[in-house]
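*Asks:* Quick note, the sequences are listed as chains A and B, same order. Numbers 2 to 493, taken from our numbering, label the letters of the first sequence in order. Numbers 81 to 434, taken from our numbering, label the letters of the second sequence in order.
Source of the hints: derived by calculation from the structure; they are not laboratory data. Careful: at least some of the hints might be erroneous.
With a cut-off of at most 30 angstroms between alpha-carbon atoms, the simulated DSBU-like pairs for lysine-lysine come out as follows [stated by the list, open to error]:
| hint | chain 1 | residue 1 | chain 2 | residue 2 |
| --- | --- | --- | --- | --- |
| 1 | B | K160 | B | K136 |
| 2 | A | K206 | B | K390 |
| 3 | A | K177 | B | K346 |
| 4 | B | K207 | B | K108 |
| 5 | B | K138 | B | K106 |
| 6 | A | K178 | B | K235 |
| 7 | A | K402 | A | K388 |
| 8 | A | K113 | A | K202 |
| 9 | A | K421 | A | K440 |
| 10 | B | K390 | A | K113 |
| 11 | A | K464 | A | K421 |
| 12 | A | K206 | B | K346 |
| 13 | B | K155 | B | K168 |
| 14 | B | K346 | A | K178 |
| 15 | A | K282 | A | K206 |
| 16 | A | K37 | B | K235 |
| 17 | B | K235 | B | K254 |
| 18 | A | K37 | B | K254 |
| 19 | A | K177 | B | K235 |
| 20 | B | K256 | A | K113 |
| 21 | B | K256 | A | K37 |
| 22 | B | K110 | B | K235 |
| 23 | B | K421 | B | K346 |
| 24 | B | K254 | B | K138 |
| 25 | B | K346 | A | K202 |
| 26 | A | K184 | B | K235 |
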Amino acid sequence: MNHPSFLGFSLTVIATATLALADHPGYQVEAVPFEKGIDQEVGGIDILPDGRLAVCFHHGDIRLYDPKTKGWTVFGSGLHEPLGIVAESSSSFVVMQRPELTRISDTDGDGKADFYETVCDDFGMTGNYHEFAFGPIRDPDGNYVVSLNVASNGAPVRDEIRGEWLELGLPREDFKKAWGTVKRKAGRMYSRAPYRGWVVKIDPKTGEMTPWASGFRSPNGMGYDQDGRLFVTDNQGDWRGTSPLYHVEKGKFYGHPASLPWEEGYDGPAPLEIPVPELEKRRTPAAVWFTQGSMANSPTQPILIPEGFGPFAGQLLVGEMNRARIVRVMLEEINGVVQGACTPFIDDSGLARGINRLAFGPDQTLWTGQTHLSWAGGEGMRRIQWKPEGQFQDVRDISLKTQGFDLEFLEPVATADLEKITLRRYTFAYHSAYGSPQKEKADVSFEIRALGSDQTKFRVTTKEALRPDFCYEFQLPMCQNPLLCYTVREIP
Amino acid sequence: MTSQGFVITPLVLLTALFLPASAQNKKKVKTTTIEAVEGLRFSPVRFSMRQDEQLKLKFVNKDPNDQPHNLAIIKPGSLKAIQDASLKIGPDSIENDYIPENDAILAAIGLLETDQEESLTFEPTGKGVYPFVCTFPGHAAIMYGAIYVDQRPPKDLISDTNIPQIIRDQEMQKLKESLAVERPHVMRAFLPNAGPAAIAVALPGDLNFCWDAGTCRPRYAWSGAFVDPRAMLNSNGSRFTQILGPEFWSAGGDENTFGIKLDDPKARPDFKGYRLLEGIPEFHYTLGELDVRERLYSEEGQLRWHFSIKGASDPVKIYAPGAVTTTRGTREGDFLVVGPKSAQNLILTIKSSS
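All chains, please: the whole structure from these sequences, using the hints.
*Replies:* See the structure below:
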């Protein structure tokens, strides 16, 4: 099969080669070899106990990659848009495909899958193309966590659906008529089959599904931090002024109202008729905003940085679809609320666009897998290794204070360079329209002074009082990655 | 169709026979090379340009079979007339390099031997599809191509009626080869006329079927080529995977549909997955008290439907009108009624020759 996207891949390879001059001083990026002409859109990556990689692909394959031989073998095939994989052993994988969470096993020892066992299919499908199913990842207790995309009004629903139909608001008949004339009434993104817009947990043995948290739109990325806290990314759009990272807890609502009618005992109006102030009151806002246009447009999977991968262990990395970038997230808890900052981690330097999935190998190698699904993005895989001898400047960590921020740099900062730092702030609207411009933008004046004598720690004291629900954007020209944004929710 | 027996005269270069008045205007030049290649073909067989451009076309004869070829750009819609005219010109038109005298001819290059090349310039007089054709005796019927002037060509060659059928057939063959799968083969996909959780299966013997993992039953079967998933895979899933062969059996819609019927109309099947037995899936589901495994396979050109139904305390009713036969149980109208014991190993045959 000849897919036009292969052209995109070859261009990516060329771009990679020309960017070699701009390699990151602290990290080595190299492309993973693929057979020519083979599907390279990655839906999920996990690491086997023996160090091999299990990767699932857009066209439905599960293939195993051996980093030692750089060779691929096909394990299974025929899956429907798999977007996540967990290796339960070297011969058994749990994959989230559009219709089901499926355990795929080799039971006769020939190295190929022969048993496709449904773990859970207790969620609905209207057949709308945007009803992706993301995950699974495992929670600290071993349960599978899955996130379910809502439908897009770019298309109606199919005549035949799986599961219950939600008859609320726009009648089902309207989903069959001339869609163009009624689609606006459905909401930009809608949820008419169970648990669309939810994060759910699934018992790995019984397959029992527990709705966990609601209010999601296109939650293509889940991960746990070192304290067992669940983080989920979402994509700019309706009710998403810019793309967010949420700290997700059981029973909470994360702002996109389409999912609310699937709450147990829900007797409220159609989602678009719920007054916005009521939604405001209920919702848990983002722990981190990824500023659209400068930080990330479509953030993907968050992953915990292990020890042995450079100076940022314990923080999170997040993939990004629209540019060749991995974003780094620094979190802290203030007044019981998890919030924090983001900054590019690696830009270009051999990366590709479309970084959809990330996985750390046992040798602290970071693997990335790219996709695009006909949107912005890329293809193929990259292997990223830390160069312990490589020196570079970046903010190692940031912490919010009552009247400013404490910044900790990797390397000493010359006093003259401090004057080059700038700070501004802005916020994003919460509304049903698609995205939000930066609102109430203003430069922020501040003083900066060193803490301690080694010129790596500094306190930034702002001249105006900090404002909750604002993003504070630093430009730090002395850094490898000058852009750094802190999302203020609580102020200590 | 052979050039032997004809005396080939030195080339007569017939550049633009027809020059529009606007030729003096400075126009953007579009440069294209067309080759005559083996098998009486032009390559490329089509290209696009704008009507405000001037075409500079280089024609190269690369035919390894020592066939002479000419090239004439002709008026939109005149292909049939020129093909007919080319049949009528005889050896006496050698001097004109077999280019018929016809108002439809807008520009032409005379006969070229292998490895010779010539160029012409051409300015279209409006939008449309301008054929180019070789009028050497016997060639015109299959040796032509199309210039799309301010008009979008069909996306693929297969559906382009302005190019020779033989090229479209070859493209279709190439497509079929690229879509061929090693049978048996299982592919989950968005398929037409099924629920959103559907499975396509290719069986040996060029039989194929769609099984619905939502309603747990086969939906339809077709013969011949398997599926074309490109539309689905090249979109974000907003388009269906296409069925390639003719359907020979359908299980019907939601109400009167083939399959096990329980007295409890609310009973819904629960899909447990499938196991590959010699590459062919054996689907497993529960329905009420029943634990069902079913496997469709091909045998002697027929589609067999094997059931292993456990947990039945009463006879099992299977709605199966028409072209489905079995060696066990009794037929009661549109239903097959099978005893609990027989239901544990039951084979139905779906007729595939109708």
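*Asks:* Each hint should be assessed against the structure and marked as holding or not.
*Replies:* These are the hints, each one checked on the structure:
Distance restraint check for B:K160 and B:K136: the Cα-Cα separation of roughly 25 angstroms lies within the 30 angstroms cut-off, and the hinted pair is therefore satisfied. Our distance criterion of 30 angstroms between C-alpha atoms is met by A:K206 and B:K390, whose separation comes to about 23 angstroms. Only pairs whose Cα atoms come within 30 angstroms are accepted, and A:K177 paired with B:K346 is accepted, the gap being roughly 25 angstroms. The suggested pairing of B:K207 with B:K108 holds, with an alpha-carbon distance near 16 angstroms, which does not exceed 30 angstroms.
Our distance criterion of 30 angstroms between C-alpha atoms is met by B:K138 and B:K106, whose separation comes to about 20 angstroms. Taking the CA atoms of A:K178 and B:K235, the gap is about 29 angstroms. The hint holds against a cut of 30 angstroms. Restraint check: the Cα-Cα separation between A:K402 and A:K388 comes to about 33 angstroms, which exceeds 30 angstroms; the hinted pair is violated. For the proposed pair A:K113 and A:K202, the alpha carbon gap of about 28 angstroms is at most 30 angstroms, so the pair holds.
Among the hinted pairs, A:K421 with A:K440 is consistent with the structure: their alpha-carbon atoms are about 24 angstroms apart, no more than 30 angstroms. Under the criterion of a C-alpha separation no larger than 30 angstroms, the hint pairing B:K390 with A:K113 is consistent with the structure, at around 29 angstroms. A hinted pair counts as satisfied when its Cα atoms are at most 30 angstroms apart, and A:K464 with A:K421 qualifies at roughly 17 angstroms. This hinted pair checks out: A:K206 and B:K346 have alpha carbons roughly 27 angstroms apart, not beyond 30 angstroms.
For the given pair, B:K155 sits about 19 angstroms from B:K168 by alpha-carbon distance, which is consistent with the 30 angstroms threshold. Using a Cα cut-off of 30 angstroms, the hinted pair B:K346 and A:K178 holds, with the two alpha carbons roughly 29 angstroms apart. A distance of roughly 37 angstroms separates the Cα atoms of A:K282 and A:K206; the hinted pair therefore is violated under the 30 angstroms criterion. With a CA separation close to 24 angstroms, the supplied pair A:K37 and B:K235 stays within the 30 angstroms bound.
Among the hinted pairs, B:K235 with B:K254 is consistent with the structure: their alpha-carbon atoms are about 16 angstroms apart, no more than 30 angstroms. Simply put, A:K37 and B:K254 have alpha-carbon atoms about 18 angstroms apart, close enough for the 30 angstroms limit, and the pair holds. Taking the CA atoms of A:K177 and B:K235, the gap is near 29 angstroms; set against the 30 angstroms cutoff, the hint holds. Our distance criterion of 30 angstroms between C-alpha atoms is met by B:K256 and A:K113, whose separation comes to about 26 angstroms.
Restraint check for B:K256 and A:K37: the C-alpha separation of about 20 angstroms stays at or below 30 angstroms, so the hint holds. A hinted pair counts as satisfied when its Cα atoms are at most 30 angstroms apart, and B:K110 with B:K235 qualifies at roughly 21 angstroms. For the given pair, B:K421 sits about 25 angstroms from B:K346 by alpha-carbon distance, which is consistent with the 30 angstroms threshold. Distance hint between B:K254 and B:K138 is fulfilled; the C-alpha atoms sit about 29 angstroms from each other, no more than 30 angstroms.
With a C-alpha separation of about 27 angstroms, the suggested pairing of B:K346 with A:K202 holds against the 30 angstroms cut-off. Distance hint between A:K184 and B:K235 is fulfilled; the C-alpha atoms sit about 29 angstroms from each other, no more than 30 angstroms.
The structure does not agree with the numbered hints 7, 15 stated previously, though it agrees with the rest.
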